[in-house]
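S.K.: Build the full structure now, drawing on both the sequences and the hints.
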Amino acid sequence: DTAVSQTPKYLVTQMGNDKSIKCEQNLGHDTMYWYKQDSKKFLKIMFSYNNKELIINETVPNRFSPKSPDKAHLNLHINSLELGDSAVYFCASSPGAKKLAGLARPRTDTQYFGPGTRLTVL
Amino acid sequence: AQSVTQLGSHVSVSEGALVLLRCNYSSSVPPYLFWYVQYPNQGLQLLLKYTSAATLVKGINGFEAEFKKSETSFHLTKPSAHMSDAAEYFCAVSDEDDYKLSFGAGTTVTVRA
Numbered sequence: 001d002t003a004v005s006q007t008p009k010y011l012v013t014q015m016g017n018d019k020s021i022k023c024e025q026n027l028g029h030d031t032m033y034w035y036k037q038d039s040k041k042f043l044k045i046m047f048s049y050n051n052k053e054l055i056i057n058e059t060v061p062n063r064f065s066p067k068s069p070d071k072a073h074l075n076l077h078i079n080s081l082e083l084g085d086s087a088v089y090f091c092a093s094s095p096g097a098k099k100l101a102g103l104a105r106p107r108t109d110t111q112y113f114g115p116g117t118r119l120t121v122l
Numbered sequence: 123a124q125s126v127t128q129l130g131s132h133v134s135v136s137e138g139a140l141v142l143l144r145c146n147y148s149s150s151v152p153p154y155l156f157w158y159v160q161y162p163n164q165g166l167q168l169l170l171k172y173t174s175a176a177t178l179v180k181g182i183n184g185f186e187a188e189f190k191k192s193e194t195s196f197h198l199t200k201p202s203a204h205m206s207d208a209a210e211y212f213c214a215v216s217d218e219d220d221y222k223l224s225f226g227a228g229t230t231v232t233v234r235a
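Protein chains in written order, with this note's numbering: chain B, 1 to 122; chain R, 123 to 235.
No wet-lab data here; the hints were simulated from the structure. Check before you lean on any hint, since a few could be wrong.
[Stated by the list, open to error] DSS-like mimics (lysine-lysine), calculated; alpha carbons at most 30 Å apart, straight line:
id: 1; chain 1: R; residue 1: 222; chain 2: B; residue 2: 9
id: 2; chain 1: R; residue 1: 171; chain 2: B; residue 2: 41
id: 3; chain 1: B; residue 1: 40; chain 2: R; residue 2: 180
id: 4; chain 1: R; residue 1: 191; chain 2: B; residue 2: 41
id: 5; chain 1: R; residue 1: 222; chain 2: B; residue 2: 71
id: 6; chain 1: R; residue 1: 222; chain 2: B; residue 2: 22
id: 7; chain 1: B; residue 1: 44; chain 2: R; residue 2: 222
id: 8; chain 1: R; residue 1: 171; chain 2: B; residue 2: 40
id: 9; chain 1: B; residue 1: 44; chain 2: R; residue 2: 190
id: 10; chain 1: B; residue 1: 36; chain 2: R; residue 2: 180
id: 11; chain 1: R; residue 1: 180; chain 2: B; residue 2: 44
id: 12; chain 1: R; residue 1: 222; chain 2: B; residue 2: 36
id: 13; chain 1: B; residue 1: 40; chain 2: R; residue 2: 190
id: 14; chain 1: B; residue 1: 52; chain 2: R; residue 2: 222
M.R.: Spelled out as structure tokens, the structure:
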């Protein structure tokens, strides 16, 4: 059984198009993430949701919009695609229970990654 | 903010030789550190993590790492390399803001027969 799955695995499209990448996890985790890995393999966090609440929103163009219909799904919509958007996009999840005042923070949580979506913009 | 630096973007070892991958961290709070491995065309997989319970951490596939506060290091080692260890290795630190991992630039390991 796949723990974190992403579709599609490959996505080739023209500049200016709008596309979506879907992510699903069956681990029962509360937190999900989107990362971008560039051609030099550098990994950068883009967004994170905890129980459908946006908790991390890095400096990303507003052409990128995450959507979490439920805590098992986190989709990434990209409008007006540009050449520089070409990369591998990874979804991940971690147990990360919702933060409550006074409780220990889940800094030690392991993140579980999907297989990646290779986006090529022509 | 926390960050990690991986020294050496590429390491080449002979099969059976020691694998040593270097990672130094910068953190204003006690760090939690991770090593992940990425095999070709796959996602990242946790090798091991330091959560302050023990300074020598053992992971999967024969890897281990030692946390040295005095040197701000968390180097990854494996006594005897196998061909299947060829992959990209990432060191990461858990940000003070709970959920965020900051990754190093990665080290590519190639194993020579």
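S.K.: Looking at the structure, which of the earlier hints fail to hold?
M.R.: Violated hints: none at all, because every hint is consistent with the structure.
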